[in-house]
Each structure stands twice: as C-alpha cells, then as structure tokens.
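J.: Please construct the entire structure, taking both the sequences and the accompanying hints into account.
Number of protein chains: 2
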Amino acid sequence: MPKQSVYLDQMFSALADPTRRAIIERLTHGPASVSELAKPLKMSLPSVVQHLQLLEQSGLVVSRKIGRVRTCRVEPKRLEAAQAWLAKQRARWEARFSRLDAFVQEREDKHE
Amino acid sequence: MPKQSVYLDQMFSALADPTRRAIIERLTHGPASVSELAKPLKMSLPSVVQHLQLLEQSGLVVSRKIGRVRTCRVEPKRLEAAQAWLAKQRARWEARFSRLDAFVQEREDKHE
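Protein sequences appear in the order of chains W and H. Each number in the numbering used here comes from the position in the first sequence (counting from 1) with 177 added on. Each number in the numbering used here comes from the position in the second sequence (counting from 1) with 177 added on.
I should point out that these hints are in silico values taken from the structure, not numbers from a laboratory. Nothing here was measured: the structure is a model prediction, and the numbers come from that model. Take the hints with a grain of salt, since some may be wrong.
Note: identical chains are not told apart, hence a pair may lie in one copy or across any two.
[Stated by the list, open to error] Straight-line Cα separation of at most 30 Å, DSBU-like style, residue types lysine-lysine; simulated pairs:
1. 265 with 254
2. 216 with 265
3. 180 with 265
4. 265 with 242
5. 287 with 242
6. 254 with 180
7. 254 with 216
8. 216 with 180
9. 254 with 287
10. 242 with 180
11. 265 with 287
12. 219 with 242
13. 219 with 180
14. 265 with 219
15. 216 with 242
T.: Written out as structure tokens, the structure is:
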C-alpha cells in the first residue's frame with residue numbers, strides 16, 4: 178500500500194472520534210500541555226494520553242517534552258493533506274456535473 | 178453527543194480505509210453498479226458489499242436498486258461537511274499565525 182494511503186488511513190481514523198476532534202479544535206487556538214488538554218474532557222488522564230498517542234501516530238499532532246511538561250501542537254500540513262484528498266474528490270464530482278450541464282445545454286441549444 | 182458529531186465520526190471512520198476511498202474515487206467519475214465497483218477491487222463481492230454498507234451508513238454514498246441492479250453514487254454534501262470541518266480547523270490555525278506575525282511585526286516596528 179502506498180505511504181500516502183497509510184497516512185490517510187491513520188488521519189481519518191484519528192479524526193473519527195469526538196474527543197480527538199475536540200483536542201484538535203483546542204490545539205488550533207495554540208499549543209497546550211497534556212493537563213491543559215485534559216481539563217475540559219470528562220475522562221481520566223491515561224485515556225487522554227491514549228487519544229494523544231493516536232493523534233501523534235497519525236501525524237496530526239506533535240508534542241515535545243520540556244522538563245516535566247509535554248506540550249502539544251497541531252501539524253497543519255497533515256490537516257491540509259486530509260483536506261486536499263476530500264477537495265480532490267469534490268472537484269472531480271463537480272467537474273462531472275459541469276460537463277453534464279454543458280452537454281444538456283448543448284442539446285437544448287440544438288433543439289431550439 | 179450532537180448529531181453533527183456522530184456524522185463526522187461515521188464519515189471519517191468510513192474514509193479511514195483504502196478500499197472505501199477507492200470506491201469514493203471511482204464514484205466521483207459517475208454512478209456505478211455494485212459489480213462495476215467490485216471489478217477492480219481484489220476481494221469477494223460480499224466484502225465489497227460490506228464496505229458499501231459502511232459508506233451508506235456514513236451518508237457518503239447513496240444507492241438505489243432498480244430491478245436486479247443496485248446503482249451507487251456519492252453524496253457530495255457529506256464530502257463537503259467533512260471538508261468544511263477540516264477547513265475550519267486550518268483557518269483557525271492560520272488566523273492564529275497571522276495574529277502572531279502581526280504582533281511580532283508591531284514589536285519590531287516599535288524597536289526600530
């Protein structure tokens with residue numbers, strides 16, 4: 178399987194969970210420590226850490242430990258890759274409709 | 178959990194698989210029957226049907242049975258919803274960077 182496909186698997190899988198999306202949403206406002214991320218979430222710290230590990234594996238989040246504090250931030254390039262795949266599919270679908278429209282228009286013009 | 182969140186769970190989960198993404202890619206070129214969709218995929222028809230069921234549950238694909246043939250097509254509005262969520266996150270992240278840039282520029286101007 179091509180590398181790009183594995184990335185997409187991991188990314189979409191990481192995004193398929195409300196807690197992980199809430200973490201991403203929080204991190205788009207700026208980097209945060211693990212305990213800051215855990216505060217608004219109604220779950221244990223180990224559960225939050227597990228979600229963060231999945232987000233890191235997908236490449237959507239990167240973290241760095243300085244002293245005893247691990248700080249997380251989003252990796253916008255990965256968000257971009259997932260968005261690009263979706264945009265490509267929509268563009269192709271819309272192009273198909275434009276061609277169908279043009280075809281119908283052409284036929285109507287001929288019959289006028 | 179809000180309805181929108183459940184939709185996003187199902188959509189991202191449906192997209193987290195190369196076979197299901199291949200089906201979506203094929204369908205952006207136009208509607209296709211189940212057997213047409215199965216042809217390029219190296220798997221049994223029941224497996225393909227299972228993937229299609231997941232895609233239908235997510236709302237990304239809709240199908241209609243006429244006589245003995247089930248025809249599938251993509252639902253572009255759902256693709257749009259997934260893309261919109263990602264676009265929102267990126268926009269927020271980028272806006273944060275613009276504000277940081279403006280702040281740094283302001284400080285530099287003051288110290289010149």
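J.: Work down the list of hints and note, for each, if the structure agrees.
T.: Each hint tested on the structure:
1. Taking the shortest Cα distances, residue 265 and residue 254 sit within 30 Å of each other both inside one copy (16 Å) and across copies (14 Å).
2. For a Cα distance limit of 30 Å, the shortest separation of residue 216 from residue 265 across copies, 23 Å, qualifies, whereas the shortest one inside one copy, 37 Å, does not.
3. Taking the closest pair of Cα atoms, residue 180 and residue 265 come within 30 Å of each other both inside a single copy (18 Å) and across two copies (26 Å).
4. Taking the closest pair of Cα atoms, residue 265 and residue 242 come within 30 Å of each other only across two copies (28 Å); inside a single copy the shortest separation is 37 Å, beyond that limit.
5. For the homomeric pair residue 287 and residue 242, neither the shortest alpha-carbon distance inside one copy (69 Å) nor that between copies (34 Å) is at most 30 Å.
6. For the homomeric pair residue 254 and residue 180, the shortest alpha-carbon distances inside one copy (16 Å) and between copies (28 Å) are both at most 30 Å.
7. In this homomeric assembly, residue 254 and residue 216 come within 30 Å of each other (Cα to Cα) only inside a single copy, at 27 Å, whereas the closest approach across copies is 34 Å.
8. Taking the shortest alpha-carbon separations for residue 216 and residue 180, only the inter-copy value of 24 Å comes in at or below 30 Å, while the best intra-copy value is 35 Å.
9. In this homomeric assembly, residue 254 and residue 287 never come within 30 Å of each other (Cα to Cα): the closest approach is 48 Å inside a single copy and 33 Å across copies.
10. Within a single copy, residue 242 and residue 180 get their C-alpha atoms as close as 28 Å, which meets the 30 Å cut-off; across copies the closest is 36 Å, which misses it.
11. Taking the closest pair of Cα atoms, residue 265 and residue 287 never come within 30 Å of each other, the shortest separation being 33 Å inside a single copy and 44 Å across copies.
12. When the C-alpha separation of residue 219 and residue 242 is checked against a cutoff of 30 Å, the pair qualifies only within one copy, where the shortest distance is 24 Å, while the shortest distance between copies is 44 Å.
13. In the homo-oligomer, the alpha carbons of residue 219 and residue 180 lie at most 30 Å apart only across protomers (19 Å), although the nearest pairing inside one protomer, at 35 Å, exceeds that limit.
14. For the homomeric pair residue 265 and residue 219, the shortest alpha-carbon distance between copies (24 Å) is at most 30 Å, but the shortest distance inside one copy (36 Å) is not.
15. With identical chains, the CA atoms of residue 216 and residue 242 are at most 30 Å apart within one copy only, with a shortest distance of 19 Å there and 49 Å across copies.
The structure fails to meet hints 5, 9, 11 from the earlier list, while all remaining hints are met.
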